[in-house]
Amino acid sequence: MDNANRLPFGDPDGARALLEDVLDGFVEFENDPVWGGISANPSNRNIRVFVGKKGAGKTVYLRYFQDSTRAENAIFSAGVEEDTPSTEFIRTFSEYFNSESLTESWRLAWRSALLCSLASHLLYKKYFKDYLSDKDRNDLLKFQDLLCSSQYPQSPYSELTRIISSIPDRDHFNTFISRNDWHGFQSILSDLLKKCPPIFFYIDAVDEEFSHAPMEWLRCQKGLFYAVMRLLRVGTSIGGRFHIVIAIRDIVLSSVLQSEHAGRYRNTPHICKLNWNEKSIAHFFNKKIERLSSNYFSNKGEKTLESFLGLKKIVNLNRGISEEPMSYLLRHTRLIPRDIVELGNALAEAKLRKNSGYFTNSDEWEAEVRRCVSICSRRFAEDQLTICGNQIASFDAPQRSGMHRYSEFYTSTEEYIETRSKDLIDAINDIGKDLINNSELSSAEEGIKTAIGESHYDVLSILWQNGMLGYKSPVNEKYYEFYTLSDNDEFLLPRDKDSYVLHSCLLDLCDLRVVTKIPVKQRPF
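full-length UniProt numbering numbers the first residue of the sequence shown as 1 and each following residue consecutively.
Don't read these hints as lab results, they were simulated from the structure. If you're wondering where the values come from, they're calculated on a predicted model, not measured in any experiment. Be aware that a few hints might be false.
[Unchecked claim] With beta-carbon atoms standing in for the labels, derived distance ranges:
1. PRO168 / HIS270: 33 to 39 Å
2. GLY320 / SER43: 47 to 53 Å
3. THR450 / ASN286: 42 to 48 Å
4. LEU141 / LEU292: 55 to 61 Å
5. LYS313 / GLU72: 45 to 51 Å
6. ASN286 / GLU364: 25 to 31 Å
7. GLU20 / GLU364: 35 to 41 Å
8. GLY301 / SER43: 34 to 40 Å
9. GLU20 / SER442: 52 to 58 Å
All C-beta atoms in this analysis are idealised placements derived from N, C-alpha and C, irrespective of residue type, glycine included.
Build the full structure now, drawing on both the sequences and the hints.
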């Protein structure tokens with residue numbers, strides 16, 4: 001069976017998929033402002049930051065935009081950079097600094113890495129041979145003490161690894177970053193950029209690495225964000241000709257928006273928020289269905305979800321109601337493209353079995369659809385609670401464990417993280433139902449502390465940040481608020497709401513009683 005039949009909705013991992021498959025499967029939103037950041041046009045050269053949840057499509061958008069610049073002869077476009085430093089290095093460097101100075105230290109480390117990477121490309125990339133003279137290169141080589149000894153172009157991540165791995169402590173870093181050479185180095189780079197075409201670097205903050213030590217990677221990505229935005233403001237030569245386009249997690253930007261500089265970044269055109277909601281993800285789902293071959297449809301008419309499934313309604317056994325297929329399917333996902341692709345592939349495989357006569361009647365087929373949805377929903381819940389478990393495990397790591405080289409026991413040991421995730425499942429099982437009121441919130445939190453252990457971290461806020469816990473919207477009693485960057489960037493769970501709800505996908509993983517027949521619906525935007 002070829003890949004097109006095996007993964008008809010595409011590869012859920014945007015980094016793993018072939019570029020031609022990414023481009024061919026990309027769903028456009030016609031650059032309509034109503035869709036927000038997901039409608040961004042690849043010709044937009046103002047965008048510097050793609051931000052979204054894990055699975056929101058950050059890597060796909062980076063690759064899509066990078067391909068657009070690569071096609072222009074008047075632009076130098078480096079490939080998407082994904083070779084991140086090890087979490088051990090990230091954690092060790094983070095422990096050199098106190099909380100107040102850590103983000104600024106990461107910004108300075110990233111600024112140095114970006115400038116050194118740029119210099120290595122100007123020196124050793126053949127592309128720039130016709131733009132710079134021998135004198136230009138010699139002027140750069142006067143700052144050789146700042147540069148990597150290798151005479152090859154270095155990526156930003158490689159330079160960051162070199163810098164943070166060679167620094168033994170905070171004092172050495174402060175000495176390194178305070179050298180007078182940096183001012184002259186940046187000035188030379190600024191002059192040389194005027195002789196070159198615009199240069200585009202693309203840096204993907206890989207989600208898998210982020211999950212190993214969320215709080216440390218959050219500060220690292222936050223420093224990268226500030227470094228990129230600060231370089232953008234440094235005159236026309238640096239900011240106007242050196243384009244650094246990055247991808248960061250949603251909670252990183254949320255953390256930025258908690259700072260005193262929030263107004264500077266809240267509505268800037270340089271930040272593209274990949275915020276998905278029920279309407280946009282339904283559009284994405286429908287477009288994917290339209291691209292399926294006719295083998296997946298019972299009739300040769302219009303390619304819709306109804307003709308794909310052959311069902312007008314799906315019985316929700318938990319709530320004792322019937323639902324529209326789209327509503328039923330989407331509610332069991334995290335409203336992100338990765339979930340739609342994974343669920344779509346599972347349903348497409350089942351549909352081929354149905355077309356082969358595997359199911360004898362419509363009841364059996366509807367049961368199979370529910371089974372596919374339940375299996376995928378359980379995976380989504382497991383994935384999200386593993387992310388929460390990683391975050392808890394990251395908090396568990398003793399102070400200075402990175403410097404003494406044993407922090408990986410807490411951040412990279414699968415068994416330890418799995419234990420924390422199971423503790424979290426036990427705690428959710430103790431809550432016992434999907435909906436609780438405000439008076440029950442405190443007892444739920446006490447139950448979580450008992451299951452996980454007395455701690456200084458806020459587990460309910462961890463569930464909130466990862467989309468597993470929402471609250472009743474005061475605007476419309478039909479809907480619930482879940483964490484989003486659209487207009488709700490509260491980093492900690494608000495404790496003054498009337499009722500709170502656990503995400504629907506947790507019903508397929510945890511032992512929860514359904515309180516109401518009305519399905520949990522997130523507020524549309």
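Verification of the supplied hints:
1. PRO168 / HIS270: 33 to 39 Å: Once the Cβ atoms are compared, 36 Å apart, the range 33 to 39 Å for HIS270 and PRO168 holds.
2. GLY320 / SER43: 47 to 53 Å: holds (51 Å)
3. THR450 / ASN286: 42 to 48 Å: Taking Cβ atoms as reference, THR450 and ASN286 lie about 45 Å apart, which means the hint holds.
4. LEU141 / LEU292: 55 to 61 Å: holds (56 Å)
5. LYS313 / GLU72: 45 to 51 Å: 50 Å Cβ-Cβ, so the 45 to 51 Å window holds.
6. ASN286 / GLU364: 25 to 31 Å: About 26 Å separates the Cβ atoms of ASN286 and GLU364, which means 25 to 31 Å holds.
7. GLU20 / GLU364: 35 to 41 Å: holds (38 Å)
8. GLY301 / SER43: 34 to 40 Å: Since the Cβ atoms of GLY301 and SER43 sit about 36 Å apart, the hinted range of 34 to 40 Å holds.
9. GLU20 / SER442: 52 to 58 Å: Because 54 Å falls inside the window, the suggested range holds.
In this structure, none of the earlier numbered hints is contradicted; all agree with it.
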